[in-house]
Amino acid sequence: MTYNVAILGASGYTGAELVRLIATHPSMQIVGLSGNSKAGMAMADVFPHLRHLDLPVLTTIEDMDFDGVDLVFCALPHATSQLVIKDLPKHLKIVDLSADFRLRDPADYEKWYGKPHAALEMQAEAVYGLTEFYRDDIKGARLVAGTGCNAATGQYALRPLIAAGVIDLDDIIIDLLAAVSGAGRSLKENLLHAELSEGAHAYSAGGTHRHLGEFDQEFSKLAGRPVHVQFTPHLIPANRGILATVYVKGDAQVVYDTLVAAYKDEPFIIMLPMGQHPSIKHIRASNFCHIGVVKDRIDGRCQVIATLDNLTKGSSGQALQNANLMLGLPETEGLMLAPVFP
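Counting with UniProt numbering, you get residues 1 to 342 for the letters of the sequence shown.
If you are wondering where the hints come from, they were derived from the structure by calculation, not from laboratory data. One or more hints might be untrue.
In silico DSSO-like links for lysine-lysine, alpha-carbon gap of 30 Å or less [said to hold, decoys possible]: (1) Lys115 / Lys90; (2) Lys249 / Lys281; (3) Lys264 / Lys139; (4) Lys111 / Lys221; (5) Lys264 / Lys295; (6) Lys281 / Lys188; (7) Lys264 / Lys249; (8) Lys295 / Lys249; (9) Lys115 / Lys188; (10) Lys93 / Lys115; (11) Lys221 / Lys295; (12) Lys139 / Lys93; (13) Lys38 / Lys93; (14) Lys86 / Lys111; (15) Lys86 / Lys221; (16) Lys221 / Lys93; (17) Lys115 / Lys38; (18) Lys281 / Lys264.
Using C-beta positions, here's what the derived DEER-type ranges look like [said to hold, decoys possible]: (19) Asp168 / Lys86: 39 to 45 Å; (20) Met1 / Val340: 26 to 32 Å; (21) Asp137 / Asp168: 25 to 31 Å; (22) Leu337 / His234: 26 to 32 Å; (23) Lys111 / Met1: 39 to 45 Å; (24) Arg142 / Thr232: 34 to 40 Å; (25) Asp168 / Thr80: 36 to 42 Å; (26) Asp171 / Ala202: 18 to 24 Å.
From the three backbone atoms N, C-alpha and C, an ideal C-beta is built for every residue, glycine too.
Build out the structure end to end from the sequences listed, making use of the hints.
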């Protein structure tokens with residue numbers, strides 16, 4: 001059986017990544033693409049790397065026909081997404097890639113995003129989209145909320161450790177490097193080549209990054225008490241990828257063994273041999289996450305290092321993984337592409 005899917009916000013990076021992945025998916029076909037600022041244009045003119053594909057012309061969301069569509073990927077900006085999704089036809093399954101439905105508590109959403117939520121009824125039914133930990137809920141969901149890419153990386157490194165109680169929950173530091181595509185495709189002065197290249201800088205330091213809302217929500221739920229990590233992201237002059245070095249207090253071998261046990265049956269989470277470091281270069285344009293554990297020179301401490309591609313495993317690949325589950329398809333379908341190297 002072939003399922004018809006549409007992508008809202010197809011003119012952005014995550015929209016283009018969805019098109020790239022679904023193009024070779026054996027059970028999905030793209031029947032609608034929206035990009036309000038690019039409406040009327042061919043996808044080949046917006047993203048020339050997709051010119052070999054026979055794709056629908058970009059339309060506005062208002063002009064899109066949802067009859068016969070089984071599932072919609074919503075790759076729209078935060079705040080816009082909730083306004084669009086609440087008015088979509090009720091028969092549609094929806095995978096949202098924005099932040100609008102990630103936080104379960106409306107007060108938390110307002111705290112981190114600066115405005116009240118405009119679709120509270122749908123926020124209450126949304127399932128958090130970290131596939132490896134919510135797959136049973138995702139299978140029966142109508143609306144799945146994709147995670148933040150930084151939040152996903154940190155959670156893959158830490159969730160099994162917090163659940164098993166093998167690290168000090170009051171001494172966790174996440175030091176993260178993020179590529180520039182995570183900031184989206186719109187023009188920003190600080191992302192110009194002359195501003196960004198040959199340098200790196202911290203941003204949203206001091207506990208102000210919005211993905212901390214997800215860390216607080218998920219880690220505290222796991223632990224059964226408040227868990228607040230220290231988290232600082234750094235923008236690096238690379239197009240794709242995230243690498244997080246997570247500093248924890250716990251026995252390195254126990255930490256490693258806990259992660260190996262947690263991920264032994266997960267097709268997309270690859271544990272490296274003890275002491276090896278993962279690299280952004282080794283997961284590029286794939287749905288894989290590589291994790292390594294390194295013992296620290298200070299006894300009782302170690303580092304967990306995790307890397308994934310922010311546009312694939314951190315966003316569009318995760319969205320497709322969730323869509324597979326929602327449609328009753330094999331979870332890995334269309335996603336076993338090897339990373340691109342070099």
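Here is how each hint holds up against the structure:
1. Lys115 / Lys90: holds, 26 Å
2. Lys249 / Lys281: Roughly 28 Å between the alpha carbons, so the hint for Lys249 and Lys281 holds.
3. Lys264 / Lys139: holds, 21 Å
4. Lys111 / Lys221: holds, 18 Å
5. Lys264 / Lys295: holds, 21 Å
6. Lys281 / Lys188: Holds, because 26 Å separates the two Cα atoms, which is no more than 30 Å.
7. Lys264 / Lys249: It holds: about 23 Å lies between the C-alpha atoms, which stays within 30 Å.
8. Lys295 / Lys249: holds, 10 Å
9. Lys115 / Lys188: holds, 23 Å
10. Lys93 / Lys115: At roughly 26 Å apart (the allowed maximum being 30 Å), Lys115 and Lys93 satisfy the hint.
11. Lys221 / Lys295: Cα-Cα ~28 Å, so holds.
12. Lys139 / Lys93: holds, 11 Å
13. Lys38 / Lys93: holds, 25 Å
14. Lys86 / Lys111: Holds, because 21 Å separates the two Cα atoms, which is no more than 30 Å.
15. Lys86 / Lys221: holds, 27 Å
16. Lys221 / Lys93: holds, 26 Å
17. Lys115 / Lys38: holds, 28 Å
18. Lys281 / Lys264: holds, 23 Å
19. Asp168 / Lys86: 39 to 45 Å: holds, 42 Å
20. Met1 / Val340: 26 to 32 Å: holds, 30 Å
21. Asp137 / Asp168: 25 to 31 Å: holds, 29 Å
22. Leu337 / His234: 26 to 32 Å: holds, 28 Å
23. Lys111 / Met1: 39 to 45 Å: For Met1 against Lys111, whose Cβ atoms are near 43 Å apart, the range 39 to 45 Å holds.
24. Arg142 / Thr232: 34 to 40 Å: holds, 36 Å
25. Asp168 / Thr80: 36 to 42 Å: holds, 40 Å
26. Asp171 / Ala202: 18 to 24 Å: holds, 20 Å
Every hint, counting from the list given before, is met by this structure.
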